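If you're matching them up, the sequences are chains A and B in order.
If you use numbering that gives the first Met the number 0, the first sequence closes out at 629, no skipped numbers anywhere.
If you use numbering that gives the first Met the number 0, the second sequence closes out at 629, no skipped numbers anywhere.
Check before you lean on any hint, since a few could be wrong.
Here are the simulated SDA-like cross-link-like pairs (lysine to any residue), alpha carbons at most 25 angstroms apart as the crow flies [as the list claims (entries may be wrong)]:
| id | chain 1 | residue 1 | chain 2 | residue 2 |
| --- | --- | --- | --- | --- |
| 1 | A | K140 | B | R158 |
| 2 | B | K493 | B | T463 |
| 3 | A | K140 | B | T463 |
| 4 | A | K247 | B | T166 |
| 5 | A | K247 | B | R158 |
| 6 | A | K47 | A | P84 |
So these bits of chain B aren't anywhere near chain A, every CB distance computed over 12 angstroms [as the list claims (entries may be wrong)]:
| id | residue |
| --- | --- |
| 7 | E61 |
| 8 | E139 |
| 9 | S230 |
In silico negatives: residues of chain A with every beta carbon more than 10 angstroms from chain B [unchecked claim]:
| id | residue |
| --- | --- |
| 10 | A179 |
| 11 | P314 |
| 12 | E416 |
Because the hints were derived from the structure by calculation, they are not lab data.
For clarity, every value in this text was computed on a predicted model and none was experimentally measured.
For every residue, glycine included, the Cβ atom is placed at its ideal position computed from N, Cα and C.
There are 2 protein chains.
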Amino acid sequence: MTLLPSNITIEVPTGTLISEVIQQSGLEFIQPCGGQGRCGRCAVIIEKNGVRRRSTIRLSAEDLDAGYALACQTVIEGPTTITIPEQERIERRLVTAKTARKVELPFEYDPAALQSVQAFQVSLPPPSLQDNLDDLSRLEKALADHGYTPLDIPLATLRRLGTTLRTAEWSPWVVIETQAPTSGPARLIDLSSDPIRPIGLAVDIGTTTVTAFLVDLTTGQVMNSAAEYNSQIARGEDVISRIIYAEKTDLNELGELVRQTIDTLLERLKRRTGVPPEGIHKVTVSGNTTMIHLFLGLPPSSIRLTPYIPTVNFPQSYLAAELNLGVHPQASVLCLPGVASYVGADISAGVLACGLTDVDELTLFIDIGTNGEMVLGTRDWMVACACSAGPAFEGAGVVDGMRATAGAIEEVWIHSETFEPTIRVIGNVSPRGICGSGLISILAELFVTGVVDKAGNVKLDLDTPRVRRGEHGPEYVVVWADETETGRDIVLTKVDVDNLMRAKAAIYAGFSVLAANVGVDLADVQQVLIGGAFGQYINVENAIKIGLLPDLPWDRFHFLGNTSVLGSYMALLSRQACEQMRDIAQGMTYIELSADNTFFEAFTAALFLPHTEINRFPSVAMVWERHRQD
Amino acid sequence: MTLLPSNITIEVPTGTLISEVIQQSGLEFIQPCGGQGRCGRCAVIIEKNGVRRRSTIRLSAEDLDAGYALACQTVIEGPTTITIPEQERIERRLVTAKTARKVELPFEYDPAALQSVQAFQVSLPPPSLQDNLDDLSRLEKALADHGYTPLDIPLATLRRLGTTLRTAEWSPWVVIETQAPTSGPARLIDLSSDPIRPIGLAVDIGTTTVTAFLVDLTTGQVMNSAAEYNSQIARGEDVISRIIYAEKTDLNELGELVRQTIDTLLERLKRRTGVPPEGIHKVTVSGNTTMIHLFLGLPPSSIRLTPYIPTVNFPQSYLAAELNLGVHPQASVLCLPGVASYVGADISAGVLACGLTDVDELTLFIDIGTNGEMVLGTRDWMVACACSAGPAFEGAGVVDGMRATAGAIEEVWIHSETFEPTIRVIGNVSPRGICGSGLISILAELFVTGVVDKAGNVKLDLDTPRVRRGEHGPEYVVVWADETETGRDIVLTKVDVDNLMRAKAAIYAGFSVLAANVGVDLADVQQVLIGGAFGQYINVENAIKIGLLPDLPWDRFHFLGNTSVLGSYMALLSRQACEQMRDIAQGMTYIELSADNTFFEAFTAALFLPHTEINRFPSVAMVWERHRQD
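Throw the hints in and build the complete structure from the sequences for me.
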């Protein structure tokens, strides 16, 4: 076979692994997972076929089309030529794809049929002593000629009407919101003598992370997106602690904090696109029921007290001005419909975004956020439940946790003999901390390599300086201080491990109980759709290893990213999507996990790596055994 | 004849006036107008008939039924007995009737059919783990069972929903506003665990005076009413000066000032009835177009600039909170429809209140306020115009002017020889100033007795200390300082006379032009309906004498009081009344007086007492001649 770009040709017997050939050639070649076919980092490009891929883990269909193969999982069966890419290049490609990932239109976008907010210019005959119709009647008449009648004009707009009509020389631009397409009652959001482009904002208020898409309502395209930690975190990490804070201290403060976070996002979006917040004419908001209550300023107490009744599951839209939200004051702000106190709009939005309403096969949809919410069902029936996972997977509540932005360690491979890690960092920068997928990756590697045991205890007697007793107890050093951005060691502590284990146990227990409740076996689930801010970057294998996901064939898992904001985006684009979401929320059966002890028992059983009942995780048992044998 | 209560019997020849008999008897008896049959103050009660009334001026049908007759206008034709009432008693009766005058229901009031605001208690099934409907859906369901669906719940109400439902043990009182009777969409204004009585406020914002009726929406009765000068007066006396102030200085300040006036009225109404402002669930507002614009915070500039186009003639209702009005924040505030820049909601309301929509005969409706607005027509057609009269008739812009409250001189009679006045004061108090009817009365008397000439000049050479050159030029002293509440002389100055003459000239010119415009003669007008804050107290005779009203038979004039607030009250009570008012405003033809010189010429011609063309006022010419002969 021939190795490019160095153009070395080596004769090897049929059945030899490409990685073995490269090692023979003396070229530098990194295999973070030690040739276990786990990390995908040894990808090479097959220029001329003559190989057989044993496994294509980590390679996308696109990668395969481009000829990629894993050097450690591909055997030579005839004459062949391969290119060894600069390994950095692969990483850069991944990183670029990630940060600039374009959000596709979720459906064919016909604004005239779907969009409730329209902007256009309208011509009015100027008044005279003979035609002395008042300004508003004149505008109403012109809009009625376009089919929009009656017209609802907010006081603030009315106050600018006279001046604007005259500045615009009786041909103003209007932004209207309508309930039916192309005709019927309309609300005048804005009018101006300058052209107006209708812009929308799709928001997801997560307990830990707030995400926003800035959307051009003419094309439907996402102009830009931004995410930031929810400032409420400082007042409690999960919904229960937020509710208690709201009861005991200050409800309005929590509303104000999330508005500040949204303001931060709006400023960032303005910087990137030039669209000022007041140029946003419509907002849709997804989030769990507590987040929606706090955003609307509704006391959330009844959510945490039996029988767990929220004030509202189907909020009406309110004006931005009423909500003190810094977009156009007359923008309507629609909080999307939820199912129950602990299965909120994030799930209705997620179900719509993940396409569960279109499938016949048994599907599990999980939204892994601070609250783990999940839905089991098909297009015909859906049951839902929720459990508190905590913010660990979003990088919060962990000593060196951070969001999945530049500087975050998103993948780690630990050598099973030296316990030295190889890390992948988002962006070409020094590491600053560890994001959700990185935490899952580290925990899985620590477990597989025996640095932590089934119970999550760190083995301090291993022969490596990376394992030590630190300020917060036993810990594993992921990156030494001299290689970090901060100049401090990046570590994973025993406390962090416990948080992560509680989080994964809650989620696993959630869908175990859900399946048991409707009498199906988790093994019968044909597809697992995974949403969540961090969801799209995690690695099925690692997630199964730590017992976060059930041990099913990997191809049944689909990572969809933040499905809540995607559903919010769909609702922003389309009246029909809003209606569908309402149907979803109304049709779903909610199962209250706190109703009996079932959930607590399942949770306790799941507080091991991967689980007390190892037979539930045959693939993990196998890998683990192999490591033990090494 | 026999005189009671003194029981004196005197024999007199047939044809003797009762006043002559009383003079013969030596009893004390006041005849302010000197027996001219003008003042009505010499009323006596005919106990046993035998008399012939020559004139019954100042006596109502009710008075006649009670047997009243004017001593100076009634001759003896046979044996008779009369009672001489304590003359003070007549005055008290009039005063009492005035200040405590009850506002009658304008129509049969069926709140279920007419009223848009309803309050009632509603019972909800309490939630449980099995019935975990959210609070709002639960309430929506219960109200839908009453026929009210869909429900629009304001954010502020939603924020109290959870707590209130629980405090009320799931049987809250609700206040809803509906568009159709007994069913259809409803807006939740308020909810409470305590019973709620729905209350409304009908307001008239006059340029000079703001009036409010507090109304029990269950019975439709006016609980109390209050009036106060519009605080905007300090920023300009008429609408044009207010508009200029708003343009040059501060639009918001003018809105704030009228809200302060309304707040003052609300406080007064609260003191009298115990109903706090926040207990008011619905508000209707009448007023001229400029007043409505300033109240809504709309820039009024285009009202005063050709082609005189207001921002809005048919305002939608807005929430009290948006308008910063101190009633229930979720109360809807409906500003009534107007016709044009200078024929506002006060006229649409007035036309409804005066019944012009029901008459076949040619009718003139005048609303005499700071702006004189008038409508000529029948049920089939109406033309309207407006002219600026200034605030003189409301007691403003006159040195000793005041509103028609206790201490106001409301009628004056001047002796034609001594020039000594007899005054009638509202309430049993010392005089403080002169109200509109008093000013008309004084001007008429000064003219008839020759103290002022046709051009309004004060004759300083008369032999009386009451005529003098004062601080502000020539003046007539109505009350000497030692008899006044203030300890200062109450006077009418030459400047005051000029203001009054300009005011009356503007109004007379207005309806002259209106009649000419549609080709009718003022003499053909079958009834003149007069509205205005002061309207119900003025005296036709005096108003004709000064040329304010046309010289028609007195029985064609009907004084209706503040028709604008009455129309506002009707709109508050009834959806149908609101619709009628809209029809009135839409159906009326507006004549712009400034379009040519016709108005200015008519105004100049009317700047005399009663008018340059004395043949337009034959009855005045006659009286005046008689005085000249005395």
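Going through the hints against the structure:
no.	hint	verdict
1	A:K140 - B:R158	violated, 37 angstroms
2	B:K493 - B:T463	holds, 17 angstroms
3	A:K140 - B:T463	violated, 66 angstroms
4	A:K247 - B:T166	holds, 19 angstroms
5	A:K247 - B:R158	holds, 17 angstroms
6	A:K47 - A:P84	holds, 15 angstroms
7	E61	holds, 44 angstroms
8	E139	violated, 9 angstroms
9	S230	holds, 21 angstroms
10	A179	holds, 16 angstroms
11	P314	violated, 8 angstroms
12	E416	holds, 54 angstroms
Hint check: violations occur at hints 1, 3, 8 and 11; the rest are consistent with the structure.
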